[in-house]
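Going line by line, the protein sequences match chains S and F. Going by the working numbering, the first residue of the first sequence is number 1, and it counts up by one from there. Going by the working numbering, the first residue of the second sequence is number 1, and it counts up by one from there.
Hints listed in this document are in silico derivations from the structure and should not be mistaken for laboratory results. Check before you lean on any hint, since a few could be wrong.
[Unchecked claim] With a straight-line Cα cutoff of 20 Å, these simulated SDA-like cross-link-like pairs (lysine to any residue) come out:
no.: 1; chain 1: S; residue 1: Lys-27; chain 2: F; residue 2: Lys-51
no.: 2; chain 1: S; residue 1: Lys-336; chain 2: S; residue 2: Asn-380
no.: 3; chain 1: F; residue 1: Lys-51; chain 2: F; residue 2: Tyr-12
no.: 4; chain 1: S; residue 1: Lys-81; chain 2: F; residue 2: Ile-361
no.: 5; chain 1: S; residue 1: Lys-81; chain 2: F; residue 2: Lys-365
no.: 6; chain 1: F; residue 1: Lys-284; chain 2: S; residue 2: Gly-328
[What the hints assert, rightly or not] Facing chain S, according to a computed beta carbon distance under 10 Å, are these residues of chain F, among others:
no.: 7; residue: Tyr-30
no.: 8; residue: Ile-180
no.: 9; residue: Lys-249
no.: 10; residue: Pro-286
no.: 11; residue: Leu-323
no.: 12; residue: Tyr-390
no.: 13; residue: Thr-411
Only a predicted model underlies this, so the values are computations on that prediction, with no experimental measurement involved. The beta carbon of each residue, even a glycine, is placed where N, CA and C say it ideally should be.
There are 2 protein chains.
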Amino acid sequence: MNPKEIWDHFFYPHRVAIIGASPSSEKMGYHTLKSLKGCGFKGEVFVVNPKYENILGIKSYPSLESIPGSIDLAIIVIPSKEVIEVLRECGKKGVKYVLVISAGFAESDLFEGEELQKNLKKVAEEEGIRIIGPNTFGFVNLDGHLNASFTPSFSLLKKGGVSLLSQSGGICHLIMAYAIRENIGLNKIIGLGNRVNTDFCDLLPYLVFDESTNSVALYIEGVEEPRRLLEAIRGAVKLKPIVVYKAGKSQKADEAAKSHTGSLAGPYRVYQGALKQYGAILAKDPLELISVAEALSLQNPLKGNRIAVITLVAGLGMVISDLLEENGFNLANFSKSTEKKLFDLMPPYTIRTNPVDLGYIANNKKLCGEVIKTVFEDKNVDGIILSYIYSWSEDFLELPVEAICEAISKTKKPSVMCLDTPPGIWEEEKKRLKEAGLPIFTRPDLAVRGLFGLWEYGRIRDRFRG
Amino acid sequence: MNPKEIWDHFFYPHRVAIIGASPSSEKMGYHTLKSLKGCGFKGEVFVVNPKYENILGIKSYPSLESIPGSIDLAIIVIPSKEVIEVLRECGKKGVKYVLVISAGFAESDLFEGEELQKNLKKVAEEEGIRIIGPNTFGFVNLDGHLNASFTPSFSLLKKGGVSLLSQSGGICHLIMAYAIRENIGLNKIIGLGNRVNTDFCDLLPYLVFDESTNSVALYIEGVEEPRRLLEAIRGAVKLKPIVVYKAGKSQKADEAAKSHTGSLAGPYRVYQGALKQYGAILAKDPLELISVAEALSLQNPLKGNRIAVITLVAGLGMVISDLLEENGFNLANFSKSTEKKLFDLMPPYTIRTNPVDLGYIANNKKLCGEVIKTVFEDKNVDGIILSYIYSWSEDFLELPVEAICEAISKTKKPSVMCLDTPPGIWEEEKKRLKEAGLPIFTRPDLAVRGLFGLWEYGRIRDRFRG
Numbered sequence: 001m002n003p004k005e006i007w008d009h010f011f012y013p014h015r016v017a018i019i020g021a022s023p024s025s026e027k028m029g030y031h032t033l034k035s036l037k038g039c040g041f042k043g044e045v046f047v048v049n050p051k052y053e054n055i056l057g058i059k060s061y062p063s064l065e066s067i068p069g070s071i072d073l074a075i076i077v078i079p080s081k082e083v084i085e086v087l088r089e090c091g092k093k094g095v096k097y098v099l100v101i102s103a104g105f106a107e108s109d110l111f112e113g114e115e116l117q118k119n120l121k122k123v124a125e126e127e128g129i130r131i132i133g134p135n136t137f138g139f140v141n142l143d144g145h146l147n148a149s150f151t152p153s154f155s156l157l158k159k160g161g162v163s164l165l166s167q168s169g170g171i172c173h174l175i176m177a178y179a180i181r182e183n184i185g186l187n188k189i190i191g192l193g194n195r196v197n198t199d200f201c202d203l204l205p206y207l208v209f210d211e212s213t214n215s216v217a218l219y220i221e222g223v224e225e226p227r228r229l230l231e232a233i234r235g236a237v238k239l240k241p242i243v244v245y246k247a248g249k250s251q252k253a254d255e256a257a258k259s260h261t262g263s264l265a266g267p268y269r270v271y272q273g274a275l276k277q278y279g280a281i282l283a284k285d286p287l288e289l290i291s292v293a294e295a296l297s298l299q300n301p302l303k304g305n306r307i308a309v310i311t312l313v314a315g316l317g318m319v320i321s322d323l324l325e326e327n328g329f330n331l332a333n334f335s336k337s338t339e340k341k342l343f344d345l346m347p348p349y350t351i352r353t354n355p356v357d358l359g360y361i362a363n364n365k366k367l368c369g370e371v372i373k374t375v376f377e378d379k380n381v382d383g384i385i386l387s388y389i390y391s392w393s394e395d396f397l398e399l400p401v402e403a404i405c406e407a408i409s410k411t412k413k414p415s416v417m418c419l420d421t422p423p424g425i426w427e428e429e430k431k432r433l434k435e436a437g438l439p440i441f442t443r444p445d446l447a448v449r450g451l452f453g454l455w456e457y458g459r460i461r462d463r464f465r466g
Numbered sequence: 001m002n003p004k005e006i007w008d009h010f011f012y013p014h015r016v017a018i019i020g021a022s023p024s025s026e027k028m029g030y031h032t033l034k035s036l037k038g039c040g041f042k043g044e045v046f047v048v049n050p051k052y053e054n055i056l057g058i059k060s061y062p063s064l065e066s067i068p069g070s071i072d073l074a075i076i077v078i079p080s081k082e083v084i085e086v087l088r089e090c091g092k093k094g095v096k097y098v099l100v101i102s103a104g105f106a107e108s109d110l111f112e113g114e115e116l117q118k119n120l121k122k123v124a125e126e127e128g129i130r131i132i133g134p135n136t137f138g139f140v141n142l143d144g145h146l147n148a149s150f151t152p153s154f155s156l157l158k159k160g161g162v163s164l165l166s167q168s169g170g171i172c173h174l175i176m177a178y179a180i181r182e183n184i185g186l187n188k189i190i191g192l193g194n195r196v197n198t199d200f201c202d203l204l205p206y207l208v209f210d211e212s213t214n215s216v217a218l219y220i221e222g223v224e225e226p227r228r229l230l231e232a233i234r235g236a237v238k239l240k241p242i243v244v245y246k247a248g249k250s251q252k253a254d255e256a257a258k259s260h261t262g263s264l265a266g267p268y269r270v271y272q273g274a275l276k277q278y279g280a281i282l283a284k285d286p287l288e289l290i291s292v293a294e295a296l297s298l299q300n301p302l303k304g305n306r307i308a309v310i311t312l313v314a315g316l317g318m319v320i321s322d323l324l325e326e327n328g329f330n331l332a333n334f335s336k337s338t339e340k341k342l343f344d345l346m347p348p349y350t351i352r353t354n355p356v357d358l359g360y361i362a363n364n365k366k367l368c369g370e371v372i373k374t375v376f377e378d379k380n381v382d383g384i385i386l387s388y389i390y391s392w393s394e395d396f397l398e399l400p401v402e403a404i405c406e407a408i409s410k411t412k413k414p415s416v417m418c419l420d421t422p423p424g425i426w427e428e429e430k431k432r433l434k435e436a437g438l439p440i441f442t443r444p445d446l447a448v449r450g451l452f453g454l455w456e457y458g459r460i461r462d463r464f465r466g
């Protein structure tokens with residue numbers, strides 16, 4: 001079976017049951033049901049809780065068995081001690097795919113937690129059941145309109161090409177808030193939890209097969225079989241870019257990882273070196289992780305490191321030039337014909353070399369567009385970073401959206417944009433640029449790191465394709 | 001005269017004239033007038049433009065001279081060639097404080113630009129006029145409800161304790177958008193432009209005297225007399241923290257600086273070393289600059305580097321632990337009594353050592369509050385970083401606002417918070433925490449850098465106070 005045939009059952013189910021759904025907002029089963037109800041899911045949702053006849057307007061069944069017909073995916077949100085019994089019931093009912101949100105297993109300080117997890121694994125094996133979890137917030141598939149998590153807000157995310165596999169649900173929540181604000185498009189977000197029988201190595205090949213995923217972000221604390229993970233990454237990067245943030249640099253973080261998901265984070269440097277060697281692109285923090293993955297989901301890899309900076313303000317051009325140099329890029333030297341064209345197009349007040357300063361022609365949208373197209377077309381330019389700020393008023397300054405879209409579509413050159421505005425400004429313009437494939441970041445450092453990811457993946461692909 | 005007596009004329013004027021105000025949105029004078037009209041300014045605004053009788057509902061005077069009575073501050077927004085004549089008129093009228101927004105001086109490629117700037121300087125000297133600019137977006141004083149800039153959106157900023165002196169208006173705009181979103185409170189924002197007779201060294205001592213400024217952020221490209229600037233910084237840091245971002249690390253950025261404001265950025269490393277030696281806190285990018293300044297404007301300096309991490313999610317605790325280690329911090333070892341108290345308060349599922357994980361008691365606001373207060377009071381803890389995420393739903397998870405405020409007010413221990421949420425969530429809670437003096441950042445790296453600024457300033461103050 002190819003990975004798609006197995007894992008699509010989790011991510012694209014038709015009939016989903018929540019065992020432990022609850023009308024009380026004190027319970028995880030309440031929030032999980034809210035997520036499922038509010039995500040636009042096209043399939044059927046069944047709820048199981050013998051204490052109620054009806055929960056949030058949905059008929060409640062006394063047991064899994066009593067639900068008529070088959071169930072594709074069961075979501076378990078009950079106390080840990082009761083999970084194994086329900087897993088047996090899943091087996092009886094023929095449910096092969098189970099998300100266990102419940103906590104209180106190997107991550108807990110209690111001796112029984114370890115014991116329970118061992119039993120969970122054993123029963124799952126006997127019943128032939130795949131489990132995501134336990135001790136996870138769940139997963140989200142924006143492509144399938146499915147929010148199988150205990151946080152309804154994940155449904156606010158825009159659908160896009162980045163999928164995230166994470167050993168921490170908290171990090172997924174941090175990334176959610178950031179991605180909503182920055183309009184970063186996500187596809188599948190999976191909290192692996194304690195990984196009782198589903199690990200990075202199982203889901204990574206699936207995401208490589210998944211047509212709606214363009215790039216994969218991994219948040220790793222530590223795994224038991226690092227070599228298997230590395231091999232999975234090496235296999236994946238030939239087809240899709242993999243960006244990794246490895247936590248656990250500090251000793252204390254290492255200890256926290258053990259308590260958190262029952263695994264040792266392991267020696268940080270060894271991990272970093274090996275991950276790089278096997279083709280992963282390394283991120284320095286979780287927001288960089290998702291930003292770099294976003295750039296890679298929208299743009300082609302860079303063929304070289306000669307970058308043109310086009311900026312509305314000289315100061316930001318300097319900041320970006322500094323960041324580019326720090327990341328090993330060169331500022332492109334424009335060809336003679338570009339130089340001449342820019343000197344003809346632009347007035348003498350302004351900087352007409354790289355970084356190109358649009359400041360004094362800012363309100364001439366047509367002219368700004370001409371400059372942008374000229375720079376994109378220069379044969380000495382491998383990639384472009386556009387940086388705009390919001391200044392004056394909307395009736396003066398307009399984004400040259402058409403010219404940028406045209407330049408991108410004509411040259412296919414990798415490009416990113418750095419842009420931040422007060423709330424409500426240029427929303428439509430930003431949307432159109434994103435649709436044209438331009439990643440937009442509010443932070444200059446993340447815009448440059450996004451570009452770095454494109455360069456890094458170009459080199460990785462060359463290396464692995466030999 | 002102390003600096004306050006001179007510079008308050010700029011920042012707290014009563015009667016302001018805009019020369020070059022315009023009804024056309026193609027002109028800077030239009031946007032500048034819009035800024036002045038929309039900022040809640042309590043003084044009188046006069047507009048000068050002989051072509052109109054009335055601009056945006058305000059009577060227009062044919063000349064500065066024709067305005068009855070005195071003018072405290074003149075704002076010039078006309079073509080560069082006409083500026084000198086108007087400056088003479090300012091002299092005649094007795095206007096001693098002039099903001100020149102107009103560009104087309106030494107920053108321009110034209111020979112006449114250099115010439116014009118020399119003349120501007122000469123005439124200003126003859127007339128005894130202080131100029132901010134030319135070639136600047138202007139300045140903003142949120143404490144005085146004055147937006148003397150060509151961008152009305154600056155008035156959307158919240159008033160706070162951070163003042164920003166910048167050699168780039170573009171960077172001020174970048175920071176504006178970020179600060180509006182992150183709710184960072186600013187006080188005075190000044191674009192120095194070409195610094196014809198007002199430089200960092202003139203305004204830095206003013207901001208140290210200014211009661212409404214708690215910390216100062218400097219964006220520096222390069223200055224002609226670095227030693228004077230360094231001495232000004234050394235004088236200032238005894239009283240208030242100074243955070244600096246120095247641009248121009250790359251050679252290209254250096255060249256861009258020359259074209260931008262007519263100055264050489266100078267050797268980056270020499271600057272960095274000297275700035276540090278003279279007591280500045282160095283930032284790595286403009287958003288870090290303003291974030292660190294925000295932390296310093298709200299919190300006391302740290303007395304040591306033993307930090308407690310209190311987190312809603314273990315993963316974020318790990319990320320923060322890693323960042324703390326990178327920044328030279330130690331995770332505090334709790335005292336025996338704190339250890340015991342936490343073991344009594346919290347269930348065994350959860351991490352009860354540092355970093356403390358509130359995950360499994362998240363919905364028990366009272367208990368979370370007890371844990372937070374216990375950690376703040378530990379004598380082995382010098383500072384605290386709180387990190388929350390938004391999870392579940394609002395009817396389940398509440399921020400323990402009262403307990404955090406109580407802990408801060410009782411212990412006065414330096415603390416910062418890392419928190420991001422989907423839009424519209426916990427707005428009131430965040431506001432109350434900020435009012436209690438807790439800096440809140442959405443990015444874990446900037447939260448840690450904010451804490452680093454508090455530690456750095458503690459050491460600087462010890463060093464300089466001897």
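List of violated hint numbers, smallest to largest: Result: hints 1, 3, 5, 13 break, sorted rising.
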